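If you read the sequences in order, they're chains A and B.
By the count of my numbering, the first sequence reaches residue 785 at its end, each step adding exactly one.
By the count of my numbering, the second sequence reaches residue 1376 at its end, each step adding exactly one.
Please keep in mind that the hints were generated in silico from the structure rather than gathered at the bench.
Given the structure is predicted, the values throughout are model-derived calculations rather than measurements.
Among the hints, a few may not be true.
With beta-carbon atoms standing in for the labels, derived distance ranges [claimed, not checked]:
1) A:325 to B:1343: 52 to 60 Å
2) A:701 to B:1227: 54 to 62 Å
3) A:289 to B:1042: 43 to 51 Å
4) B:1027 to A:325: 25 to 33 Å
5) A:346 to B:1042: 58 to 66 Å
C-beta atoms are modelled at their ideal positions from N, C-alpha and C, and glycine is treated no differently.
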Amino acid sequence: MTRTGAGVLLLGVRHHGPGSARAVRAALEAARPRIVLIEGPPEADPLIPLAAEEDMRPPVALLAHAVDEPGRSAFWPMAEFSPEWVALRWALDHGVPARFIDLPATHTLAWERDTDGTGRDGDTGPSEPDLRIDPLAVLADTAGYDDPERWWEDVVEHRGLGEGDAYAPFAVVEEAMTALRDAYGSGGHQRDLVREAYMRLQVRAARREAGDDAVAVVCGAWHVPALRRQPTVTADKALLKGLPKTKADLTWVPWTYRRLARAGGYGAGIDSPGWYGHLFAAPDRPVERWMTKVAGLLREEDRLVSSAHVIEAVRLADTLAALRGRPLPGLGETTDAVRAVMCDGSDVPLALVHDRLVVGEVLGEVPSAAPAVPLQRDLDRLQRRLRLRPEAQEREVELDLRGETDAERSRLLHRLRLLGVDWGRRQASRGSTGTFRETWRLRWEPELSVRVAEAGVWGTTVFAAATGRAEADAVAARSLAEVTALAEQCLLAGLSDALPAVMRVLADRAALDADVGHLAQALPALVRALRYGDVRGTDTGALAEVAVGLARRIFAGLPPACAALDADAADEMRRHVDAVHGAVGLLDDTDDGGGTGGTRGRGADGLRPRWYGVLRGLSGRDRVAGVIRGRAVRLLLDGGEVDQDEAARLMGLALSRGTPPADAAAWIEGFVGGGGGGMLLVHDERLLALVDGWLTGVPAEAFTDVLPLLRRTFGAYEPAVRRTLGELVRRGPGRRAGGAPGGSGLPGFAEDLDEGRADAVVPVVRLLLGRAEDGERNEPVGVGT
Amino acid sequence: MTVSGETTTALPGGEQPAQVLRPHAEDAFAQELAALAAQDDRPRPPRWKLSPWAVATYLLGGTLPDGTVITPKYVGPRRIVEVAVTTLATDRALLLLGVPGTAKTWVSEHLAAAVSGDSTLLVQGTAGTPEEAIRYGWNYAQLLAHGPSRDALVPSPVMRAMAEGMTARIEELTRIPADVQDSLITLLSEKTLPIPELGQEVQAVRGFNLIATANDRDRGVNDLSSALRRRFNTVVLPLPESVEAEVDIVSRRVDQIGRSLDLPAVPDGIDEIRRVVTVFRELRDGITADGRTKVKSPSGTLSTAEAISVVTNGLALAAHFGDGVLRPGDVAAGILGAVVRDPAADRVVWQEYLEAVVRERDGWTDFYRACREVSA
């Protein structure tokens, strides 16, 4: 041992640096201290033994949260390659006490409240890298590097181990940091001084307990010079006086590599946890092993990657590192080599490598003995406040969303469903079909508590967790319909914060989805969601914008998609046309274009006129399937865009001799199929005459082919309509074709209205409609509007 | 300053002798190469004229310790040049991919000039390139008079490069018929070229390497077999990184072409050029310039070279049939032609782009109208 009498062993590290972690392990092995002190919240000391448990697997994080306000929290994430974790495990494995010595979370959480914690859920936690980028940049710059991260990697992380003194790296780093602190002081981070004062006091206590040489401290390299200084105890205590306090609770929560990688927020701000994990875990030849891993992944994805590729990639990476003057290939060199050798220069497979390996998909685990997560507390609180007790017995609740409490209950249940906590199941409401009523069947099963614990990854309150989960789900969703469904759920759950992210994904998916069918499926759900939002008073501006955008894309893509379809596909497309028609109607009522459309006016550029333009195009195009053409004409007729004469002309065209009978029958199905089609034929004898004339002209051998189609069309009519039609046809509809189309023409009735008898009904109708007696205008009380 | 045209290049820094229209890179930049060689104290791979560092400096530009300024030959990601140079140093063949106008040929020529001091060992790939162009041919007069011998053999540029340890270049590799491409496979892996007629072979001397260029989005060409691909390290040359860079390239080229075609000068075209470049970039990248909306990409390449031709075309229209000012209507038809290559799928892409992006953009109303007009 070379360090007898050298005083406390101060190990300055970079948080989440695999090289630092190795060095810490080596230094601890060499020094064998009797106490290990680690930068972290001291309230977590009782949780340390959990780290040794079988089912504790990093990445995990220490989570501190304010008891009365679970939304306020701070995280200390640790991966297996984090020096803190290595120190923790070393201490536990060697039966040496370990302690956290940073300023208690009680104070740090209160600090956040005082400064009105920027952003949501305490993303200004002490987990932020303590090795400030600025001082590091100064060092890197001095060494002639433009990228501080790369400098640190070259100098510290990528150093091989084994040869030389286990303490040497720390001595060098300490020297550099001392020079920096001499030049920059606290670097503008006044709170560091307070934290360091607390740490010094803890180190002193440990020294008294175990002796100077038996204490090892693992902390951010930035703090080392400050801990080396020895101001008086009174000076340190003075710094700590009068700190704000809040009651804090701590626990372990599972973490993921992806969250480690996320800059800001809860993330540790490291770009490549997977790469770091690899560097830490690989016993030797890290580049060769990495390339083999990459090759394995690419092979799984059915890319042709041979061992020769791996060899060439390693050679290229090595040479590239030499060209760039680096001691070892870093992530940049390996990535360039993988791209050039294994990916044919393309970034597409490379994105996969980045996602799966460089960032990685590792998910941590925490033993069940860990204290409850704040999410559970938040849920308890909400359950108490909303008087919605978790009971094992199943019961049904009716919620009237117009009341504030019920609306909040509904939102809670919807949010929990998003989080996979299926406490309530939505039932179809009895009696009322209004959108303001919901029926739920509630049942709390024990495993739901486990689900809540799992959901703790997403946030510390039900609201924050559901928001986080919804955003993540949106990104992971595979189909457009999934995203629309999610948008609907977000509205139901009142997660307006998640909505922009979901809408973004939705807009992106819609932009890239080449199948008009998918778009057409998504639109109605979206419009429905829009109307839900209206009922609940949510801001749906973004939603409307996306819906309008979606509609425009459908308009552009629909005509080509309707050409050259077989019968089944045509039928499906006809349903899409119907759905879009309905949605456009609702959408146009709601809004057009969310503001920007307003500048151009709704006139010729509004959604509805454009839609009718599309329909008109469809109706006149021969390559479009008959059923769609017929439906387009029908929708135009219903919308008053085409008058009856024009409809009759188009029908005549579609049913003329040259058209194959099957196609004509499909046209008829499209035109008069579905609701209201029968009445159309009853009321316009010209149309009926056209159908009749065509039908009698169909050759015998073709008749059996079109019969099923016709049967399907006419069989769906109401019996009364069918009977009337039959009677009309038996009488010969063509006979009266020249007569006034306005007359009813029903057998057994006079040609014109009996005005006296009609007038007698008017007072009753007025009464029914609630109109005043003095209604001047003789308004038609007809069917249809 | 990023790129110049595919085969026509003129960058500042090269003095051009009066006789030759376009001197080789090693002649045009002989001074720079000599200065680099004089001050290059790093290890050089066998038969390299410069060390890899110096080659990278030659391409990327810089100032030497003695004050000699090396002009940048390629302005783009440093990574690209580094990977390319390193590939040559590891005796792997280098394949430069990219759409027209990304300076593939330019980079390959300068690499060969810097590494071997000779960029002339060149095979021009065409659909009619025979195997002889890659292996060897025969001087039939010699062959008939004296029988098969080394004297009767006509070596290809590749064969010469192998024998002398130089850098050979193959242009437009994907245009070469597949069976001719195949003759490269053994050549690259075994580094020998057998001559069965003579019972001899040519073995590559250290320092030999091969740079091939190909257009990766061309259609109807001979795709590389995976066997051949495996023998190359691939570097994709990206399109200009920023709108500004691309606008700059387009306007400079348009200016040059306009002058050579004696088109009347059209003032204030820069807005329209910017618009064309923006449309091309957005459709190419599949995302709008503000990063807010995704769009579908059409099947065409939408290269910088095409943007140049659209603008030139528009200028001709404006000069001869319009009022002399480049207007949205002058470029709309050209853009439509460049974007809609596949009448069914691309038309939808274009319509969607018009409706979802162009329509909403401030100051683009005229352009939107013009496009609706031509694509109706």
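Quick rundown of the hints versus the structure:
1. A:325 to B:1343: 52 to 60 Å: Cβ of residue 325 of chain A to Cβ of residue 1343 of chain B: about 53 Å, so the range 52 to 60 Å holds.
2. A:701 to B:1227: 54 to 62 Å: The hinted range 54 to 62 Å holds for residue 701 of chain A and residue 1227 of chain B, with Cβ atoms some 58 Å apart.
3. A:289 to B:1042: 43 to 51 Å: violated, 30 Å
4. B:1027 to A:325: 25 to 33 Å: With a Cβ separation near 32 Å, residue 1027 of chain B and residue 325 of chain A satisfy 25 to 33 Å, so the hint holds.
5. A:346 to B:1042: 58 to 66 Å: This hint is violated: roughly 32 Å between Cβ atoms.
When held up to the earlier numbered hints, the structure conflicts with 3 and 5 and fits the remainder.
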